[in-house]
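Colleague: For the protein sequence lines, the chains are A and B, in the order given.
Just so we're aligned, residue 1 is where the first sequence starts under my numbering, counting upward by one.
Just so we're aligned, residue 1001 is where the second sequence starts under my numbering, counting upward by one.
FYI, nobody ran anything at the bench for these hints, they're computed from the structure.
As the structure is a prediction and not an experimental result, all values here were calculated from the model.
Do not rely on the hints blindly, as some may be mistaken.
[Unchecked claim] Mimicking SDA-like on lysine to any residue, the simulated pairs with C-alpha atoms at most 25 Å apart in a straight line are: (1) A:K274 x B:D1045; (2) B:K1237 x A:G59; (3) B:K1237 x A:D131; (4) B:K1137 x A:M343; (5) A:K12 x A:Y67; (6) A:K274 x B:R1275; (7) B:K1140 x A:G132; (8) A:K603 x A:S637; (9) A:K274 x B:D1248; (10) A:K478 x B:R1275; (11) A:K632 x A:Y67; (12) A:K274 x A:P153; (13) B:K1215 x B:I1238; (14) B:K1140 x A:E410; (15) A:K478 x A:D47; (16) A:K99 x B:A1142; (17) B:K1237 x B:A1142; (18) A:K274 x B:A1142; (19) A:K274 x B:D1064; (20) B:K1137 x A:T411; (21) A:K478 x B:G1272; (22) B:K1140 x A:T411.
[Said to hold, decoys possible] If you want the ones that stay clear, here's a sample from chain B, every Cβ over 12 Å from chain A, calculated: (23) D1073; (24) L1119; (25) A1223; (26) D1266; (27) Q1284.
Yeah, the Cβ is synthetic: ideal placement off N, Cα and C, and Gly gets one too.
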Amino acid sequence: MSALSPRPSLPKRRSALLETYRAFPGTHDELVDEGGAVRPLWRGLVDELARMQPGEIEGRVARGDEYLRDAGVYLRQFGAGDAERVWPLSHLPVLIHEKDWSGLVAGLAQRAELLEAVAADLYGENRLVADGHLPAAIVAQSPEWLRPMVGVPPASGHRLHIVAFDVARSVDGSWWVLGDRTQAPSGAGFALENRVATARIFAELYARTNVHRLAGFFRDFRSSLQSLAPGGEGRAAILTPGPHSDTYYEHAYIARYLGLSLLEGEDLTVRDGKLMVRTVSGPQPVGVLWRRLDASYADPLELDDRSRLGTPGLVSALRQGSLAMVNALGVGVLETRALLAFMPRLSEILHGEPLALPNVATWWCGDAVARAAVEGRTNLHRSSALSTSLPYEGDVPLPAHGFSIDASPETHPELFVAQEIVSLGSTPALDGERLVARPFSLRVFLARTADGWQALPGGYARIAAGEGGAASLALGGKVADVWVVADKPVEAISLLSGEHAANLKAQQGALPARAADNLFWLGRYVERAEDTMRLIRAYRVRAAEAGGEETPLLVHFGELLEDFGIDLAQRIPEALSTTIGSAVFSASKVRDRFSVDGWAALKDLAATTRNMSEKGEVSDANGRTMGVLLRKITGFSGLAHENMYRFTGWRFMRIGRSIERAIATASMLGFMIADDAPEGALDIALEIGDSVLTHRRRFSLEASIESVVALLALDPMNPRSILFQVSEINDQVQLLPDGGLAGRAGDLARATLRLHTVLATAQAQDVDAPFLERVHGELEIVSDLVAAAYLG
Amino acid sequence: MLYDIKLTMRFDYSGLAGGGRHAIRVLPQTLGVHQRMIAGHVDVDPVPRERSARTDFFGNPVTDCAFDAIPDDLVYTAQARVERFAPVHVAADSAILADMASELEAARTLLAPSPAHFLNASALVPPHAGVRDYAQKTTKAAHTIFDAAHALNAALHADMRYDAEATDVDTPLAEAFEARHGVCQDFSHIMIAGLRHLGIPAAYVSGYLRTIPPKGQPRLEGADAMHAWVSAWCGTKIGWVEFDPTNDLVVAADHIVVGYGRDYADVPPVRGVIRTAGGQTATQAVDVLPLDQDLP
């Protein structure tokens, strides 16, 4: 192709790429200098793009997006039907020279120390208010200043351990701070995924460029987390609000990546002033919680009593000093917008030094002098003084701060700040095969380690959607990787990506009971869905053969389906879609323990089911729809049962599946061998039990009750038989923590062994409908005993 | 005045309760020269797995209990002997409404009694246009903060009907106000909202009221259960003054303080979560007996 139409020379292609690139007047641009020349730092990237064949960049971009899709990176959006949104990666990284970066980081470390000191005062002596350096009103009216935490010293010695700052370039290229994130900063995990995707798109350039690696930061932060446990006791874990949180993906990802348990409030309980996680091996101490849950939800007993996400007594554990909280409850008050007006002064007062990095110029309108200073100025934006959202996140409706229904800056100046309207510096983004300038901000993460504040060398850039204005994710902006570029080769720590040996260290500690519960029910629901599909398919095939005739066999079979709550008038009976929905829900609660492929397979099954049932009128007369779904669900089961490591969690899933399958087989078989069952019922039993071929091979004769029972109830070699599943339950129960007859779960072990013995010693002629009903009852008891011993 | 107080709270879980935690705020506190707790304790049946005492942010004594399982009923019995003296307020010492801003600016502290805590919306007291208009209308003639609080206190008592059946602890302020009925908690929340709309710091007070009135005086409303009233901050000189809108009183020696908070949510007698499969029914009985009734 290139032989036919010789490509233009590199310099020509380079200028074509930049032809339409325009930095915004009066702002700093990363790519080009004031004269419009490409800055030295970016030449490698520009040349890389220029060297690419026509269409190549699109292919590379697609590869990066494919990675993110396969990894399941998403953002949950509220108000959009809780939809999961595709991760909006802007494919060009932002390049920052290491010298520039280290200046920025030094300034941010100073700011982090200052915030720590302010928090110590606000939750300690409160000198800043008493001495008139901070207005009492700002602190007292902030919903994030948590009174129960006043006077509670942090067990770790500090209130801040991980913080993030949103920064942007000023006109002259120096950095300034848009806002401080102290509550539970998110984005560090997404930064990792951005890196993996971007490094794929620009694989050669990445290998050639001295880009600082990200893994070292996480390694060091994890070891500092573990060192925080008071008295060295208790595991470190991540506390999440759960799958409905907008950044749950990241919580699960980080938990997997660092090998920390991902816990929800209901996993935890407080005993004798100590925080414990309920596990399948009993309560175990938690020494460090990395909190991704907003503080006010953490303890319904002492904080917001409407919270269903918290752990009653958590604050009392903090008061006892038995738990290190990362970050401390209450540090959200540091995000209060009005505080920005006071930071320069607070730095002088608390540390006797000026702030190295300025923040957005802010005036608190409650102060008469400040009010006078901003009087009549036009390049200002007035907004809620107590808001904790970032300047460009748009103004969320003012919560009921103060005591007014219609507060305005005129009537209630103390509820407002005035902030300078800032124009952000720009960075290049791809627009097809051209480069365009887009305003951007940077989120930089700092963690407290043994060697002081350490920054994630890179991070997370937000790129605005349009040319001007705000870079907000919510408004359709994008995110980009940040490459901190060194002159010399950097330490080569390999970045382990999500799935590939992601655990820097194996999961520690015993399985939380809630996770076990969800895995157990996942096993049951998936099997139930599969059984339901088999029943429906078998019925529809028969019905098609009968050609609309109501044969006695179909009537009998229909009654069985009715017993299972299956409405045959619906193409996808509701019983089936509900069961699949429950499986997805259970799986979503244990995503950190789940393979990415398994999750994708389950979501795919749910989506297909939804699409098919929305098509509504199309009939499934011959059961083909069920065939499609069956293939998908067995794909999931294969992944889950064959590819998952045999952790304790896997055993619970397995037990759940076996109980469900044994119950389904027992009920179905009992119905089909009942005295009133019409002719042909035994064939249906074999078909549903997926054992037609085996039957033909083992018994070269017509199906009889004895032969069908031998195969589907008592055959130790047939994976569809009840005995086979009960053996499986029996084996797995032995391997659970404390699992034997003498252990804590002795009742469970005895019940399964008893059932196993009954089935293993039964003869075909013993098995009739009442026998199967008893087996069914015993299986329900086993299920209850599993729950009683492990899942509570 | 010397009182013996007995409170019984019974929660019936019908045998369906698991474990849980409660924070109890039922014991009177010692308050400078106005109130002295001589002796007091809370009995808990069944005996909790853990029990400890602390003081909350607002200085209220709290008993924390953790339970493993509650076989049937949970009963708290509080008994206390308290000495109570009527605070003496010189109404003329109150700051004037027009000086509110400068009075507040002078109160530069975040310690518990600081007026700064009691100015804005709290969990159960949101702003309400109707209450705002009502408060403005009924306090039009008031010059001082005290006068305004006094006028609002009297107006609410006159316009609202005491009705123990009409509302429960979860009835929103707006609903009780629009219907002009409720119990002490509703009266108090509405008055707090009115005061805060006027820019006056206002706190919620929970406590007890003497059961049998002194000879020749009517029995006060709210004496058969824990009671609630309002504290209004009337400037740096006079400080906090307590009003009882349910009974149209400036609080004297008939009221015994248990807790101060921004609203009921800060000082409920029992706060917490017991895991239960069924519902719960709660009953409360209070006796507040003056010991020196017949002394001169």
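Colleague: Of the numbered hints stated previously, which ones are contradicted by the structure, given in increasing order?
Modeller: As far as the earlier hints go, 2, 4, 5, 7, 9, 10, 13, 16, 18, 21, 24, 26 are violated by this structure, in ascending order.
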